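Listed in order, the protein sequences are those of chains A and B. Residue numbers are given in the working numbering: position 77 of the first sequence equals residue 77, and the series is strictly consecutive. Residue numbers are given in the working numbering: position 62 of the second sequence equals residue 62, and the series is strictly consecutive.
Simulated from the structure, these hints should not be mistaken for lab results. All values reported here derive from a predicted model rather than from experimental measurement. Heads up, none of these hints are tricks.
Each computed DSS-like pair below joins lysine-lysine, with the alpha-carbon atoms no more than 25 Å apart: (1) B:Lys41 with A:Lys42; (2) B:Lys19 with B:Lys36; (3) B:Lys41 with B:Lys22; (4) A:Lys42 with B:Lys40; (5) A:Lys42 with B:Lys36; (6) B:Lys36 with A:Lys1; (7) A:Lys42 with B:Lys22; (8) A:Lys1 with A:Lys68; (9) B:Lys36 with B:Lys22; (10) B:Lys41 with A:Lys1; (11) B:Lys36 with B:Lys18; (12) A:Lys1 with B:Lys40; (13) B:Lys19 with A:Lys42.
Covered by chain A, according to a simulated footprint, are these stretches of chain B (three or more residues, beta-carbon under 8 Å): (14) 34-42; (15) 45-55; (16) 99-105.
Here are the in silico distance ranges between beta carbons for each label pair: (17) A:Leu112 with B:Pro83: 35 to 41 Å; (18) B:Lys22 with A:Thr110: 32 to 38 Å; (19) A:Gln54 with B:Arg110: 32 to 38 Å; (20) B:Gly28 with A:Pro8: 35 to 41 Å; (21) B:Lys22 with A:Gln51: 28 to 34 Å; (22) B:Thr102 with A:Gly96: 16 to 22 Å; (23) A:Pro40 with B:Gly3: 14 to 20 Å.
Here a beta-carbon is modelled for each residue, glycine too, at the ideal position from N, C-alpha and C.
One letter stands for each residue in the lines below.
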Amino acid sequence: KQEVTQIPAALSVPEGENLVLNCSFTDSAIYNLQWFRQDPGKGLTSLLLIQSSQREQTSGRLNASLDKSSGRSTLYIAASQPGDSATYLCAVRFFGAARQLTFGSGTQLTVLP
Amino acid sequence: ETGVTQTPRHLVMGMTNKKSLKCEQHLGHNAMYWYKQSAKKPLELMFVYSLEERVENNSVPSRFSPECPNSSHLFLHLHTLQPEDSALYLCASSPSGRSTDTQYFGPGTRLTVL
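Just chain B, same shape as in the assembly:
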């Protein structure tokens, strides 16, 4: 399998549940990103990992907890979410995280919080 993959593609959870989103890239990249795309709002960057180290956190609430165990995998752990957290969560990767890099996106996980 090539490119950037995300699982699950769809997720429905209650406000008290704990779930995790998974992203895997097969491109040999060293930087990975989580973005949130809400209805009628632009994509928002949530987290950036470079060489497995978190280098950016865009004021994301603590109910979202990222984890990057190696350069190919990125997780987003979710707990006690709110209905307004319902959105499409997109993962991306890039070769190095440099400003000149192109980012490659996965298909996203459509999250619904009841």
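Excised from the complex, chain A in its bound form:
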């Protein structure tokens, strides 16, 4: 079964810290992997999309890496700010389900001022 797992489920850090969020997936045959941010009561905002041929993508203070062979991705957030507090979701598009994003349960991040 194709599944996506995110650990930890919740994370609390002081402002200014660099942090890493983890995502693992059960099948290395993927088209791409996408990281989203979800604020309470709101929809999802796409942060980074990594195609299967890529190893990493960067946007501002965010850097996402992809290691297909080990079934892992990480989202690195540099110099965290209270405004980064949100739930971060990892989603994978597996072969055989090209139109479907399979989501992890998310990591709820709190950055303390």
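Based on the hints, put chain B in the right spot on chain A.
Frame of chain A, contents of chain B only:
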């Protein structure tokens, strides 16, 4: 108005009611999606429409009935729902439905079934 919009934002309904959720995208996309987000569960894909044709139905009960009258609008018609159907229903769109596309999400409708 830009992006993906959803109405209503909140809905409370009884098990015997009939209601509809509406999604509209202003991005010129050709594919639209309905997702369900239940408490403590990952987002689940419900339906996919590409060029107004339903191309995926992820074993969703018939009490949920989607409709896509054109590429900008997507509806989810609800009837005789169960309390376990209470969830956040998210709509998304993408340029073409291809595997390389980014999906853009609306703010969701918070549904409570009494």
